[in-house]
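> Chain residues, written in single-letter form:
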Amino acid sequence: MATIDQSKIRNFCIVAHIDHGKSTLADRIIEKTGLLTSREMQSQVLDNMDLERERGITIKAQTVRTIYKAKDGEEYIFNLIDTPGHVDFNYEVSRSLAACDGAILVVDAAQGIEAQTLANVYLALDHDLDVMPVINKIDLPSADPDRVIEEIEDVIGIEAHDAPRISAKTGENVDEVLEQIITKIPAPTGDPEAPLQALIFDSVYDSYKGVIIFCRIKEGTVRKGTPIRMMATGADAEVVEVGYFGAGQFIPCEELSAGMVGYITGSIKNVKDTRVGDTVTDRSNPCAEPLPGYKKVQSMVYCGLYPADGAKYPDLRDALEKLQLNDAALQFEPETSIALGFGFRCGFLGLLHLEIVQERLEREYNLDLVTTAPGVIYRVYKTNGDMIELTNPSNLPDPSEIDYMEEPVVSAEIMVTTEFIGSIMELCQERRGVYLGMEYIEETRALLKYELPLNEIIYDFFDALKSRSRGYASFDYEFKGYVQSNLVKLDILINKEEVDALSFIVHGDSAYDRGRKMCEKLKDEIPRHLFEIPIQAAVGGKIIARETVKAMRKDVLAKCYGGDITRKRKLLEKQKEGKKRMRQIGNVEIPQKAFMSVLKLDNK
Amino acid sequence: MRVVSKCIILHYMKRELELYIHIPFCARKCGYCDFLSAPAEKSVQAAYVQRLCREIEEASGLAQVYEVSTVFFGGGTPSLLDAGHIRRIMGTIKDYYPVRADAEITLEANPGTIDQEKLEIWREARINRLSMGLQSADNRELKLLGRIHTWEEFLDNYRLARAAGFRNINVDLMSALPGQTCGGWKDTLLKVVDLGPEHVSAYSLIVEEGTPFYVRYGEHPELLPTEEEDRQMYEDTRAILGRYGYERYEISNYARPGYACRHNLGYWNRTEYKGFGLGAASLLGNVRTTNQSDLNKYLDGQYEGSREELSEQAVREEYFFLGLRKMEGVDPGPYRGYYEKLLEKLTRQGLIVERNGRICLTDRGIDVSNYVLAQFLDD
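Listed in order, the protein sequences are those of chains F and W. The first sequence begins at 1491 in our numbering and counts up one residue at a time. The second sequence begins at 13 in our numbering and counts up one residue at a time.
Chain F on its own, in the form it takes in the complex (with noise of 0.2 Å):
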């Protein structure tokens, strides 16, 4: 195979608000580079798995090489990286984005930028990549890509004036974006001859080929046979085969050399150790260094997650099990509770992975789960003098045994349109936000900075910031870090006895609010019994709230007529199935989705 020339490399990817168009338009340079016709294309290639298309995000990050011929006669390879468009999966990002050389930036041409626009960008800036704009939607009625263009130049201070005016969907103008990434966005360099360093940016486990490394060579040239290590897990493999990536295909080449972008497969049986961020060097000539950035990835949010039938778990350990070979931030340890019995306390990197391994467990692995209330990792200082990290509410240590507790908090940004800005300010205050400033982006729109305990942004933040900004508001936050804070611990007591998996880590002003909320979402959600059933709220063993599900009355089946039994005994069937979603508790059966009920408080 004729080595390749550097020069005629370029690695890049899409960056973009949600909704901008960044699927649309990686569809279009798929499309327009020949890799696959029109007819072939399934509406966007990258979003593979199901839960993707139909959500219409990018969960895992997907690469694509398809070969261009330029107006200058050259054929050019092009790698592109599609990369996951969620605050949930920032740290994949960030890796994506130091495998490539330049990134495109789609902005929305009536919307123009928003808060994930600016945290992306910074990112990639970050990466010290050079940021290429696309104005994309110029179809829509509304777009508007002087203004865009400007608020670009302005708020980024990037230039922007030749940037393409496209419609990824109609594939309007999408020609130009080709002949920009040649000259905008620079060629790989690197060394083939140096020591090898590869940089990891994602994993998928394949039962037959066992890891399937994605990576970047920076340095040196791998092929079959290579001895490689993974520096930062120490991990070690010889390489069994080497290639490069088709659309949702893998094609085996010769070698990878600096600058290229492929995968790599070596016998390698266990995901964890090839961690994105890792480095992989040749073990008989290994690099100086790793390449930068590596970190581990920490859970944020933490929940327990239950099969509906007990006798399923076995079943959902091999399921987790078999999820986390491609998903490295899925955590799960055994726990065991005594409303729900055997199951596992999950750590996700936020809520939207969360839905998404609670929906995969669901469809791809025909579970019935039983969810707890999502909560994130308190510390808990004892006044013994020792701290702990704090997963599970029923693990709170007594009250006496406490000092203090710390909660995480987020630094978050939201960009809102002016008319919106009391309405957000009251929700950041009503979730216990410390205001940190605000800058206006242009006269109409402003960046809204917040303090928030990430605690009250995990469950239903976004959607009330939707809400009350009647959608107009952006958000994105990062991790910032531990502070003190007043917390306690809300039980709830059904029919006087305490559930468990109902108990949740409250900030102590909340308690009494939340609470009275819960016992009244309960009450809803737990069908009548044959006797009356007390729901009370309780804090350190006080009562704070009380609700009560009346006795059962009445319960009796519509006419059975002209002899139609089979139907008859569909019902009762189907009332027989509805107890078996249930969880019986003490004398009391409660349906599985109340175990969710605190995540629903708000919506009203």
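You may find that some hints are simply not true.
Unchecked claim - Pairs of lysine-lysine, DSBU-like flavour, derived with a Cα cap of 30 Å:
#  : chain 1 : residue 1 : chain 2 : residue 2
1  : F       : Lys2032   : F       : Lys2007
2  : F       : Lys2064   : W       : Lys41
3  : W       : Lys357    : F       : Lys1802
4  : W       : Lys357    : F       : Lys1986
5  : F       : Lys2044   : W       : Lys203
6  : W       : Lys198    : F       : Lys2044
7  : F       : Lys2060   : W       : Lys357
8  : W       : Lys353    : F       : Lys2064
9  : W       : Lys353    : F       : Lys2044
10 : F       : Lys2040   : W       : Lys357
Unchecked claim - Residues of chain F clear of chain W, computed beta-carbon distances all greater than 12 Å:
#  : residue
11 : Tyr1581
12 : His1617
13 : Ser1632
14 : Thr1673
15 : Ser1697
16 : Gly1715
17 : Gly1831
18 : Leu1983
19 : Lys2032
If you are wondering where the hints come from, they were derived from the structure by calculation, not from laboratory data. Every residue, glycine too, gets a C-beta built ideally from N, C-alpha and C.
Once you have looked at the hints, place chain W on chain F.
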């Protein structure tokens, strides 16, 4: 000689069979109704009756083994049909099946579709029981339900039926209607018992999915009487009907002594029955079948819909969830051991009681019968 005597025995030992005849036509679809029924042209009705008679004829092999103990014309509104059609259907039945001399033959007849001439023809056709769908004695409620008749029209029809010689009449009533009060329901009950029908069916409204009522009330239960009011209505029903000599013999059915509906009791007793017509269900041996519910296919002669052979388990479950609907309860017999724990639990919860070796629902058990009956299904 032996062979001959066996034939004689067979003849005299013919098994009991109930017939159900489905007439899927009505003058207008009521807002709460989810039965298989719709308005149709006279010509469609005629074609349907033609096909129905063919179906009855084609199944006449059954006559070798069975004799008919009851016939029930249900719908829809069977009384909507030209009386000649009913005469023809009954004629076909009598031509092909042995019908016991004391057979109970019921026709559902809705007020507003009954007249002197029809009543006479029905009598001639051996119809001996009318089931009249009154639902309410309050004209406002009748309108809300989408009924085509008023209380006064019912009264007129009822008296006509009596005058024509019908000695066994059921009146269908419906409680827990939107906007209905306990007082209003009592009023309906009293007006009806005053007429002295032999039988009263009193169901509470169930808002079924797919009906206009579901659209109206599915999301707005506050427009319907509360569970408490609903139950009060149930209690009033039993008290008032009891006072006037009606005995509750099934969860929602009341009759003067000797007038319990034999046909419906057959369903709860798992008596064999054959249903003819669109969507009609049958139980023969341990096989339950349901006819085609697509009218055009039915008219083409494709009667068959679904078929299910009951397992031993299904038979056991049915035995209880059907039998317990009767106030006399069921004899747990051979299944006592199987359900020992459940029977104990339900007794402890005050939902069932044992009387003369039979398991019966208590008053509380009747209120929550759905819950109790579902317990008899295996996990």
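> Does each hint hold? Answer for all of them.
Hints and how they fare:
Between Lys2032/F and Lys2007/F the alpha-carbon distance is near 17 Å, which keeps this suggested pair within the 30 Å criterion. Of the supplied pair hints, the one linking Lys2064/F and Lys41/W holds, its CA atoms being roughly 27 Å apart against a limit of 30 Å. For the proposed pair Lys357/W and Lys1802/F, the alpha carbon gap of about 28 Å is at most 30 Å, so the pair holds. Among the hinted pairs, Lys357/W with Lys1986/F is consistent with the structure: their alpha-carbon atoms are about 22 Å apart, no more than 30 Å.
Of the supplied pair hints, the one linking Lys2044/F and Lys203/W holds, its CA atoms being roughly 26 Å apart against a limit of 30 Å. The suggested pairing of Lys198/W with Lys2044/F holds, with an alpha-carbon distance near 19 Å, which does not exceed 30 Å. About 24 Å separates the Cα atoms of Lys2060/F and Lys357/W, which keeps this hinted pair within 30 Å; it holds. Restraint check for Lys353/W and Lys2064/F: satisfied, since their Cα atoms lie roughly 22 Å apart, inside the 30 Å limit.
A threshold of 30 Å between alpha carbons decides the hint, and for Lys353/W with Lys2044/F the separation of about 24 Å falls inside it, so the pair holds. With a CA separation close to 21 Å, the supplied pair Lys2040/F and Lys357/W stays within the 30 Å bound. Interface exclusion of Tyr1581/F from chain W stands, the closest Cβ pair being 44 Å apart, more than 12 Å. The beta carbon of His1617/F sits about 52 Å from the closest Cβ of chain W, which is more than 12 Å, so the claim that it is off the interface holds.
With 12 Å as the threshold on Cβ separation, the claim that Ser1632/F sits away from chain W holds: the shortest Cβ distance comes to roughly 35 Å. Even its closest Cβ contact with chain W, about 59 Å, leaves Thr1673/F beyond 12 Å, as expected for a residue assigned away from the interface. Every CB of chain W is more than 12 Å from the CB of Ser1697/F (nearest about 35 Å), matching its label as outside the interface. Against the 12 Å criterion, Gly1715/F stays outside the reach of chain W, whose nearest CB is about 58 Å from its own CB.
Its beta-carbon lying about 17 Å from the closest one in chain W, Gly1831/F satisfies the requirement of being farther than 12 Å from that chain. The Cβ of Leu1983/F sits about 23 Å from the closest Cβ of chain W, beyond the 12 Å cut-off, so the non-interface label holds. Look at Lys2032/F: its CB is around 33 Å from the nearest CB on chain W, clear of 12 Å, so calling it non-interface holds up.
In this structure, every one of the numbered hints holds.
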